[in-house]
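*Asks:* Letter by letter, the chains look like this.
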Amino acid sequence: MSQTKVNDARYKAITGRAILYAVLVIVALYYLAPLFLMIVTSFRSMEEIRVGQLIEWPKTFTFDAWAAAWNQVQIGAREDLGLKPYFMNSIRMVIPSVLLSTAFGALNGYVLSFWKFRGSELFFAFLLAGCFLPFQAILLPHSIVLGKMGISGSTLGLVFTHVVYGVAFTTLFFRNYYVNLPGELIKAAKLDGAGFWMIFYRIILPLSTPILVVSIIWQFTQIWNDFLFGVVFSDPNSQPVTVGLNNMVNSTTGEKRYNVDMAGAIIAALPTVLVYVVAGKYFVRGLTAGSVKG
Amino acid sequence: MSGLSIQNVKKSFGQTHILKGIDLEIPDGEFVILVGPSGCGKSTLLNCIAGLEEVTEGRILMGDIDMTYAAPKDRDIAMVFQSYALYPNMNVRKNIAFGLEIRKMPKQEIEEIVDRVAKLLQIENLLDRKPSQLSGGQRQRVAMGRSLARQPSVFLFDEPLSNLDAKLRVEMRTEIKKLHQRLGTTIVYVTHDQIEAMTLADRIAIMRGGEVQQFGTPQEVYDEPANIFVAGFMGSPSMNFLRVEVGGADGQYHVLVASEGHTYKLPSPPTQADLSAYVGKQVILGIRPEQLTHVMPHLESGPFVTKVAVKVEVTEPTGADTLVLTRINDEECECRVHPAEAGKPGEMMDILFNMEKAVFFDSETEARI
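Chains as they are written, first to last, in our numbering: chain C, 1 to 294; chain U, 1 to 369.
Chain U on its own, in the form it takes in the complex (with noise of 0.2 Å):
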């Protein structure tokens, strides 16, 4: 077992950069998920740790054994593709012994594997089947006993959920964190779906652009994003950002807000942000749907929680709460209700704001203040 280090990794196709620069420090049996939208470079850099292609620049260790130029063989890794990629002329048996036989293990030794991965997986009674007779969940576990066969000190998954429909990817992704937690060994991750680098990840590092925005635990990329497109891309409904102008002096700052006619003074937290410098003019002040509520008793005297009176563009039941769209200083803005409390489009209601957990960003750098 061993932890993984990525150090400046670069890879560039010609003049086309699709690594500028990774770095990334990975513990022994950390599950670390990364994250971004398509042409980030995040399958771009699996594939550097896999061995498939070759950096341009930069280190890959595993352990203290540099691997940046050893064969994908060599390297001790074993890879779940989100086509699955299970050799379609072998049944499952040979498809998860497959790998072991070219390494040469006695025969007696790789069918006590084999039997061992398919009881680990529930897929005993697949064994002899062909992977064109299985679902997508099944051949979803082969593909995964096939790696877990070898015992790999590393296991990369390039989206392996993006296949299955939504019920078994739910499924599918508490049996892989279990997994997890059962063998302990590192696990490197790809995907595009945020919850599911939410749900699963130690830590996620968000890309984008061949660079890494944030590399953090899931808790402190939601609370504590690193700038706009990190504060966006993460949670669902997405965070609301407003364009608000920065009043106050001596440690006490608050930032404007204008609902149906009236402006709102919003409290800033001293601890979220020092908004010092920005006095007088504009940031962008990120807040979740979620810190947008109806009103609620023993909220309402908090010191960060204002009252505003909003008017309903449109509600969006989501069954737990009801989404509410409305218009706040001129821009969209998502607030998440109790179903029973939310206004009927075309009414006005009141909607309480807690400042304790809100964001702000720089209106040039995008960067969080």
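Same shape as in the complex, but just chain C (with noise of 0.2 Å):
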């Protein structure tokens, strides 16, 4: 009597995949925790706070710290209460940062892979230095830079700084996603009687959309959350919201208020999560995609 031999590897692939799935979901748990508690207690009013545990369900459920935060809590001495007006500061702030950087860095990437010229490769092995640079070395002369121009201490220098110092990042994206792009559209371009601005825009714009994207959200991101300028070069009527948050969590008078706390930095972190959800898929496309095809 022979035996059939069985090659089964029906349920050797799903005992895998168990296991797998069951470590994803537990260091997902275990990175959400901390959000997790800190909508809980954004939610819990301080008596409850202050008579219960520090991690429990809120038994009241109040918007209270939420409005707190957002216009009712003195922050240093300024008139307008709560994170509103830092956070408004943030907003003029980040849009022409975001757009004017990504802008030069778009032009940017474009010249370095279409439009080469004697010592181009040089001048963007100068301008990646730029994404290495710990930006507590340029301080101090950025400020003294800031001051020549009259704009320290305003949105405007704020907006300056940012577009500076992320056109070395906006550049790298641009260029490293325009050079997988055939050079022969460019010529065929040419030979069809477009010029510099024309290809530009009625070419290579179009083509453009995923890295757009990565740099605007990479940009947003990265400006949003930025502290140190923020700090830095920003006077009481320019300073974002990060500093705003840091003010208020670490005024050292009255009690601390941990619903409030937590309401205010959930507040300030709202644009960069709200933008990863708009434009997330985006983002991991773009970072991923080599080149379009077609």
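Hints should not be assumed to be uniformly reliable.
[Claimed, not checked] Listed next, with one range per pair, are the computed distances between beta-carbon atoms:
1) U:Ser-132 - C:Trp-197: 24 to 30 Å
2) U:Lys-119 - C:Trp-197: 30 to 36 Å
3) C:Val-179 - U:Asp-64: 37 to 43 Å
Hint data in this document are derived by calculation from the structure and do not stem from the laboratory. Glycine residues also receive a C-beta, built at the ideal position from the N, C-alpha and C atoms.
Fit the two chains together into the complex; they arrive one by one in their own frames, and the hints show the way.
*Replies:* Following this line, the structure appears as structure tokens:
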């Protein structure tokens, strides 16, 4: 009697998957736990936190802490209460910074990929050095520059700073994306009679959507979350939300209001979360996409 | 419409000399092919003609206008690229119209031209598609359509068929030839495929190392190659090259070949070469496989035909003929015989050496004698 040998790999694969997913779920939970704690705490009242545990499900559900953080807490000695004025400063700063640094990056990348000049590789190498620059090192010289330009302690000065130090990254993004586009496209457009700007607007920019999204998300996150430049190069009227949050949480007078601190931290983080949710799938696609096919 | 005159064109990148003085006179309406191995400078020359690269020295004239330093858009030239270079973000209609739009042509006129070109190339049903939705052959057509739309006086093709599969390549080849016959526009076409060169060209320029080796009609370069490189490059299977010794006197010369212990005297036709200076010396005999056939009675009595017994080493059937690889003068030699007459590997068979079209090369300069 002969026994048929069985090569059955069905359950082997499933077992492996199950272990993998289990590990992933545990890691994800571990990672999400602090966020969960923040959200839960922000909806509790201060009495509840005082008498209860630090980690506990809210017994009463209240938005008071959110309202307080937004426009009721006294931060520093300013007249406008809450994080709202700081939040608005951040928005005024982040929008022009992101748009300008992305635009310059796209233009730089376009030139460095398709309109190479003598020394353009060296130029690119120097620009890359900007990506590795520790920003602490340039605080002093840069503040002198801002002073000489007459824009220190202003939103404009912050915008200028973020654009200058963001261009290194955005140029890298766009340049590395554009070198994968076929150079024959440019040749064809030249023969069709298009010039430098026409080729950029009509051919290259329409192909840049994935990398535009990457650049915008990256710059938005960097600039919105920046604390160093925000705290050094601003005055009370231009301080961004990261500085506001710090001032709020670190105020040493009165009771520590954990619920307000948590709500404030979430408010300060919301815009970046929003940007990721809206454009996140493009972000992953753009970072991994080597080139446009077609 | 105008011819193209390339005069002593040189192109260098620092110390690297890509083009070393190219001279080509191309009359109006001629289909010229630049062919050669990779790195021979053929694409660089094409880019220089297009104005995409500046020449280091020399002149390029279109008609009687010196275009050496004109901008690409002012040269009245259209180019089809190897990668087709269709604008991925535009549909076919926009792709074709782009160059016309930039030249500020009225909308009405653009539409008429697009329709006419689409009809000519049978891509009317593709006009609203994006390039990514097209097959290789369709992209190829659109790329040609884009260049046709502008009605340039010179077309440049940069290896346009090399991304297509074998069958489509043959189809498009015929198509391009038909197009040229209908339009009668000057074409300069770069390829590394010698069959493409033979089938399409009015004249072929064979290039190597930045120099033109020979510029002539397909039949000329095939029958009367200027040197060993040209002879070996054109034709498939390639020409056989045998080192042989020259004998004879007074206008009657022959060369000696040895096969399986026998030595044969192959008479050299006086019309092919004057070997008087080479008696007693070695030359290189170039003879194409189709001149080495199985025994055919009507040929056997020819004045320059010799029967040679050879040993078959390898056979390669191609269907129409069988290629028989053998060894003569201790060098590999390919013969083209009727499939039924081909011997089996290891067997002996008789081969007719027809010397009527044989060519001879100097063994040192490699130039044709």
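*Asks:* Now tell me if each hint is right for this structure.
*Replies:* Results for each hint:
no.	hint	in the structure
1	U:Ser-132 - C:Trp-197: 24 to 30 Å	26 Å, holds
2	U:Lys-119 - C:Trp-197: 30 to 36 Å	34 Å, holds
3	C:Val-179 - U:Asp-64: 37 to 43 Å	41 Å, holds
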